[in-house]
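Asks: Throw the hints in and build the complete structure from the sequences for me.
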Amino acid sequence: EAIGLYNVGQSCCLNSLLQVFLMNIHFTGILRRITVPPHAAQKKKNVPYQMLLLLEEMQCGKQKAVSPLDLARCLSGYRVKLFVQHDAAQLFLTLWNLLKRQMEKPELIEDLSYLYTICVQEHLACQKCSFETKRNSSMLTLPLPVLNSSSRVLKTLEDCLRYFFHPEELTDHNMCFCEQCGRKTPFLQSMKLVHLPQTLTIHLKRFCFEKSACIYKLSHYLPFPQDLDFNAVLTENQCQADDNEKAAWQYELFAVVAHSGSTSFGHYCAYIRSLTECKWYCFNDSEVCQVSWDDVKCTYGHSNLHWGETAYLLIYMKKHPQ
Amino acid sequence: MAQWQEVQSLANACLEQVHQLYAGAALPMVVRQCLAAWIEDQNWRQAAEPLSSHARMLFHSLLALLGERLGSPGLGDEDFMLKHNLRKARRDLQAEFEECPEKFANVVANLLQEERRILRLGQAGAQRGAAPAPSTPPESDREQQIQRRLAEFHVALQEAERAFRHLEDLQDAFDFCFKVHYLPGEDRTSDPQYAQQVQALQAKLQILDRQRREVLAQLQQLLGRSETLRDFLQQELGAWRERQQRACLGAPADTRLRPLETWFTELGQGLFQLLQLLRALGELRQKVTYERDPLKAETPLLERRLRELLTYLLQRAFVVEQQPSMPNPCKRPLVLRTAGKFSARARLLVRLHDRNHHMEAKIHIDRDPPKIKGFRKFNILTSSSKTLLAGDSPQEGLICDFQYLTLKEQKDSRSGKGSKGAGEGPLAVTEELHLITFTLAYAYCGLELELETSTLPFVIISNNNQLSSAWASVLWFNMLSGDPKDQQFFSAPPLAPWPRLAEVLSWQFESVAERGLGRDHLLMLAEKLFGSKPSPESTVTWPKFSKDSASGFSFWAWLDGILGLLQEHLKQLWKDGLILGFVSRKQEKKLLKGKRTGTFLIRFSESVLGGVTCTWVEHPESGSPAFRAVVPYTAAELASLALPDIIRDYQLLVEENIPENPLRFLYPDTPRDEAFGPYYSQRQEGNLTEQKKYLNRRLIRVSSRQANESWQTEEELVAATENLETLQLQPDGLGTPRPGGLAPLQPRGPGTPQVTSGNLGTLQVMAGSPGMLQPSSPGTLQPRGSGTLQPGPQGPEPPQLLQVGSGVSEMLQPGIGELEPQLVLQLVPEGQGTLQVLPGVLGMLQHMGPGDQGTQQAGTGAVEPQLVLQLVPEGQGPLQVLPGGLGTLQPVAGDTGMLQPGAVEPGLVPEGQGPLPPELRDLEPLPQSPDMQELLESLVEELEPGSGTLATLEAAELMPDMLEAMDGALEGLGPALASSTALLDPRDPFLPQPEDAAVPAVSSLFATDFPPLHIDANDFQ
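From first to last, the protein sequence lines are chains S and Z.
Counting along the first sequence from 1, when you hit position 69 you're at 266 in my numbering, and nothing is skipped either side.
Counting along the second sequence from 1, when you hit position 570 you're at 578 in my numbering, and nothing is skipped either side.
Since the hints were derived computationally from the structure, they do not count as laboratory data.
Hints may contain errors.
Unchecked claim - Keeping only pairs whose Cα atoms sit at most 35 Å apart, straight-line, the calculated DSBU-like set for lysine-lysine is:
no.: 1; chain 1: Z; residue 1: 96; chain 2: S; residue 2: 261
no.: 2; chain 1: S; residue 1: 242; chain 2: Z; residue 2: 579
no.: 3; chain 1: S; residue 1: 278; chain 2: S; residue 2: 331
no.: 4; chain 1: S; residue 1: 352; chain 2: Z; residue 2: 493
no.: 5; chain 1: S; residue 1: 402; chain 2: Z; residue 2: 304
no.: 6; chain 1: Z; residue 1: 304; chain 2: S; residue 2: 261
no.: 7; chain 1: Z; residue 1: 579; chain 2: S; residue 2: 402
no.: 8; chain 1: S; residue 1: 261; chain 2: Z; residue 2: 187
no.: 9; chain 1: Z; residue 1: 416; chain 2: Z; residue 2: 555
no.: 10; chain 1: S; residue 1: 259; chain 2: Z; residue 2: 493
no.: 11; chain 1: S; residue 1: 241; chain 2: Z; residue 2: 111
no.: 12; chain 1: Z; residue 1: 597; chain 2: S; residue 2: 259
no.: 13; chain 1: S; residue 1: 278; chain 2: Z; residue 2: 111
no.: 14; chain 1: S; residue 1: 494; chain 2: Z; residue 2: 304
no.: 15; chain 1: Z; residue 1: 295; chain 2: S; residue 2: 414
no.: 16; chain 1: Z; residue 1: 212; chain 2: S; residue 2: 241
no.: 17; chain 1: Z; residue 1: 579; chain 2: Z; residue 2: 597
no.: 18; chain 1: S; residue 1: 352; chain 2: Z; residue 2: 379
no.: 19; chain 1: S; residue 1: 278; chain 2: Z; residue 2: 295
no.: 20; chain 1: S; residue 1: 414; chain 2: Z; residue 2: 187
no.: 21; chain 1: Z; residue 1: 111; chain 2: S; residue 2: 261
no.: 22; chain 1: Z; residue 1: 91; chain 2: S; residue 2: 259
no.: 23; chain 1: S; residue 1: 494; chain 2: Z; residue 2: 493
no.: 24; chain 1: S; residue 1: 352; chain 2: S; residue 2: 302
no.: 25; chain 1: Z; residue 1: 111; chain 2: S; residue 2: 476
no.: 26; chain 1: S; residue 1: 261; chain 2: Z; residue 2: 212
no.: 27; chain 1: S; residue 1: 331; chain 2: S; residue 2: 352
no.: 28; chain 1: S; residue 1: 259; chain 2: Z; residue 2: 96
no.: 29; chain 1: S; residue 1: 242; chain 2: Z; residue 2: 212
no.: 30; chain 1: S; residue 1: 259; chain 2: Z; residue 2: 304
no.: 31; chain 1: S; residue 1: 261; chain 2: Z; residue 2: 295
no.: 32; chain 1: S; residue 1: 242; chain 2: Z; residue 2: 304
no.: 33; chain 1: Z; residue 1: 555; chain 2: S; residue 2: 414
no.: 34; chain 1: S; residue 1: 352; chain 2: S; residue 2: 414
no.: 35; chain 1: Z; residue 1: 187; chain 2: S; residue 2: 278
What the hints assert, rightly or not - Looking from chain Z toward chain S, a few residues come up when the C-beta cut is under 8 Å (computed):
no.: 36; residue: 49
no.: 37; residue: 53
no.: 38; residue: 114
no.: 39; residue: 236
no.: 40; residue: 320
This structure is a prediction, so every number in the text was calculated from the model and none was measured.
Don't be surprised by glycine CBs; every beta carbon is placed ideally from N, CA and C.
Replies: What follows is the structure, encoded as structure tokens:
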């Protein structure tokens, strides 16, 4: 059964992410294969090891919650401070990179990368001479805008994905230098999807910068599906993958990291579907309770309610692992 | 039920798990059983925290309770073993956990948690097993979910409160220690004991901090779950709003608010409790705070979130329970008339209020009026504010009930007139939508809000004749508008998809007469609208629905006319499915073609507003079947005679046949009386002694036609009846048999008037000459059999038979056999159907007006309704006008005696006539004519008791008087009626039946027993 994590000082963000990691059996499968550092001092500083310890403690059951204090201390050595508000997307990248860096074994690093990395190909084409440059790059999250270029609300997660992969014309100030034309020309910038990982993290950019400094949260309604088929969302043009790869682009929602409050202060909690029991749980630090899809749907957001829970990170899991 | 009890009631498979659970458990089952309630009441999880003092306290309480139990007499000797086991358990527990009570607390907490898990599984399994059995109430899944979640929310709230109290205890303990040991200003750093104390204090603070974070996490979780509940309730409320909107349109929908009110109140109560808890947490922080105190940042955050949630909940919870409506019989809300009283009611579903604080509700009309040119502005005349009442019993909830409101239009000083001139604004009055907004100043538990809610848009009319089209607007809006506040809806009214419209139309019938429209009905309506079979994509425009009036009225006006007719007169028949209603003519023929002669159906007229008609089929011996329909009956006719009675008594006067009721089987094949029997009005079985003074009477309808008439459609008929009016005053045509007239029916001579089957009621007076009315012998008048009294053309009757009024047949002839309306007043003596005694009287009645029948017969081939007023003998069975019955109707002294002038006259000579149509006004002198009265009297005198036999009817006595009187009466009719008088010339064998003349008499007759008959010239066309 799911075990909570005590809040050890504004650690709700960390706790939520840890739950998302540790409830993911594909991740814990990798975590369990790490080499244990020989010395006590190294143990204290090793993030994967501390995480494994925490996992063990949680799995020995008997307690409704455990304290991630040791891991938090360990992380604070890497400038992940306690009693500081974190952005979940950012903290996720930091944690993941720390894990990758400290796992040491190359095969584990490869597995970890394979589990989380999204591969895309960026295209930049001159509109004058059709000169094209391509670049492969990888990402850990898909940072999806929730507003379009004219600040209109995008209606669904699928719309956000389409908008993200929609080619963008670079004109006027944004024109690029074309080697072939020898001058600045309008370009078409597009992104094609090459590979999607087992665990796909989507970051909803639910914030908005207005008048420079002021950031505020966008809490409007944005529904996301339990089942997501990228083939149904993206066009042929937006993919650069073989049929085998595409066939595996069938996803099921695994977790939602939700935020309540404002940009300046808030609270994170995580809704995670146990992969073994296929039940949803809600993790609010030390409080864990079984919930239903209806509860998860409450994180869609609401245009009239600004302080409630809204989904911030969506973690989808491939239905048929390759 | 307590957990342990529930565990024990589990199925065996699950119980096995429980036994396994306790097999190796440090807590023996016997202790669990013995102290079940107490154990479940304690917070073991909290006690299991490291360094918790709570654990020790609990452990010792448990041991003490066990000791008590062992010493109690209840156990006595009867359960020696139990006592032994308890004693052993107590010893073991003490030995094992004395030093580490936290461990014991953890064991118990885990055991309880595991029990709950087994319980959940077991109960889920039991439910799955029980699911096939339909024992569960038909509660929706969502309702159950809401109830379950509310219960869970309540439990979680209690847990949070318990955790809070524990936190309070911890804080008090810490505070105490802190105040004892920490003495500022005193330097005790060198004191080793002090360092120890500070360390202990530090540890206590850690525990306090953790407990604070725990409580906060619990509250976060609670708020998260309540957000799901909020969404659920909002969805249910949305569904209720839709139901209410549909119910406004007449759909059968459950608009009870009680379940929603209960849920909203429960959730609201829980959230207010949570708010109190948060405030109490804030107070704890006031007493003890420290660096990085989680309460400092998170409590305000939680409170903002909670306040937002509560505000949202309360705003949704303020609803219009009763949309503005005036009392009207059609149950049509949202149409208000200026100066008419209306009411509206709002309700706050969260039934929480402070009894000491009165909350005021206000109403505003068109607070934010749309910018439409010419948009009328209104004031609510009655007081627009009211104190929200809690009702005498808490059951009633929080309502603000505005009753007896009236609207008054604001006079616009600039335009100089209040009402909108034609074409002034872009919208018609009935397309102008108005809104009433309720506001409520809500205050409870420190939360102050202004709540508001709006009604659905309504239409304000100034005259009742706008009601129908106003209702069309309401239908269109509520059927199609996505925005319930869109007052500019009719600036660009959308198209209605046919399936949606069909549903709404069906509701209209359902609400008026408890039976919606069937597939075939809707198909006919669609074909009428679209001219072809509808597809699911077919749409109707607003003008096509409510405005286009190629046929003289719009589709909606036509339908609403039918609804009005149903509402007033045909509710029961429609409800019971006896009215086929919407059948196209083509379909009608198809249905009736294969049925027996006399099979009929009832359908609504397509050409007459609010008309209903019967169509029947006849199969002639050769040729194709003929379909005949009566000129549609409208509310005016049905007001005097109900449709089932019309059907029962309907007569077709056929020259060559006895009068018959052509309506024999209701489609498909139910015998008429079987189908309509239950609806026939009861004959008055009145008390003889009491009602002796008056005859009873009955109104029936007949039609007459000729044998060779051709089928005509109703439209043609309408045209023909219009022609009639022009024909009316053309006496020349009357006497002349028209081509196609019944030659055989023509009187063989002035001296031999015939009694035709149909003329019983109609033509008795027709006796052209005294001689005609003289039966050659009294004996001939005594019917020995029905045959003798039915001297039809083919009848073998002896020439000397009483042949009253050959004119009848002639009269009918010009009409080429169409059965034109006739008004026949029959007086039937009490106790018997001595119909033949009365011809004279009847005839007189028919002569009383100028409306000559001859004119009406003018060549309409269709069967027209006739009004026959019969005075039905009291206590008699169904009076048949059939000639067959006549034979039995012998004049008996006692019966005729009933026909005393006193009884008859008032009816025949009304003194106070109601307003009459212009044509009838000409007749006014007539009833007052003394000659006429004399005539009547003389007639009646002839029928006085003592005369006994038909001999009294001998022409020698009767006719001269009568005719003289008639002459006199007719001369008195004045120049306006010259043509009529001419027609009434007794020597004219083609004497018309001036049926209209009888109208005044009829109208006053009705005044006694029947509701006043509204006479309209149209009735007799």
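Asks: Give a verdict on every hint.
Replies: Hints and how they fare:
no. : hint            : verdict
1   : 96(Z) x 261(S)  : holds, 30 Å
2   : 242(S) x 579(Z) : violated, 87 Å
3   : 278(S) x 331(S) : violated, 39 Å
4   : 352(S) x 493(Z) : holds, 23 Å
5   : 402(S) x 304(Z) : holds, 28 Å
6   : 304(Z) x 261(S) : holds, 26 Å
7   : 579(Z) x 402(S) : violated, 62 Å
8   : 261(S) x 187(Z) : holds, 33 Å
9   : 416(Z) x 555(Z) : holds, 28 Å
10  : 259(S) x 493(Z) : violated, 57 Å
11  : 241(S) x 111(Z) : holds, 28 Å
12  : 597(Z) x 259(S) : violated, 83 Å
13  : 278(S) x 111(Z) : holds, 33 Å
14  : 494(S) x 304(Z) : holds, 30 Å
15  : 295(Z) x 414(S) : holds, 34 Å
16  : 212(Z) x 241(S) : holds, 26 Å
17  : 579(Z) x 597(Z) : holds, 26 Å
18  : 352(S) x 379(Z) : holds, 31 Å
19  : 278(S) x 295(Z) : holds, 29 Å
20  : 414(S) x 187(Z) : violated, 44 Å
21  : 111(Z) x 261(S) : holds, 14 Å
22  : 91(Z) x 259(S)  : holds, 31 Å
23  : 494(S) x 493(Z) : holds, 28 Å
24  : 352(S) x 302(S) : violated, 43 Å
25  : 111(Z) x 476(S) : holds, 30 Å
26  : 261(S) x 212(Z) : holds, 21 Å
27  : 331(S) x 352(S) : holds, 31 Å
28  : 259(S) x 96(Z)  : holds, 26 Å
29  : 242(S) x 212(Z) : holds, 29 Å
30  : 259(S) x 304(Z) : holds, 32 Å
31  : 261(S) x 295(Z) : holds, 29 Å
32  : 242(S) x 304(Z) : holds, 31 Å
33  : 555(Z) x 414(S) : violated, 51 Å
34  : 352(S) x 414(S) : holds, 17 Å
35  : 187(Z) x 278(S) : holds, 33 Å
36  : 49              : violated, 18 Å
37  : 53              : holds, 6 Å
38  : 114             : holds, 7 Å
39  : 236             : holds, 5 Å
40  : 320             : holds, 6 Å
When each numbered hint is compared with the structure, violations occur for hints 2, 3, 7, 10, 12, 20, 24, 33 and 36.
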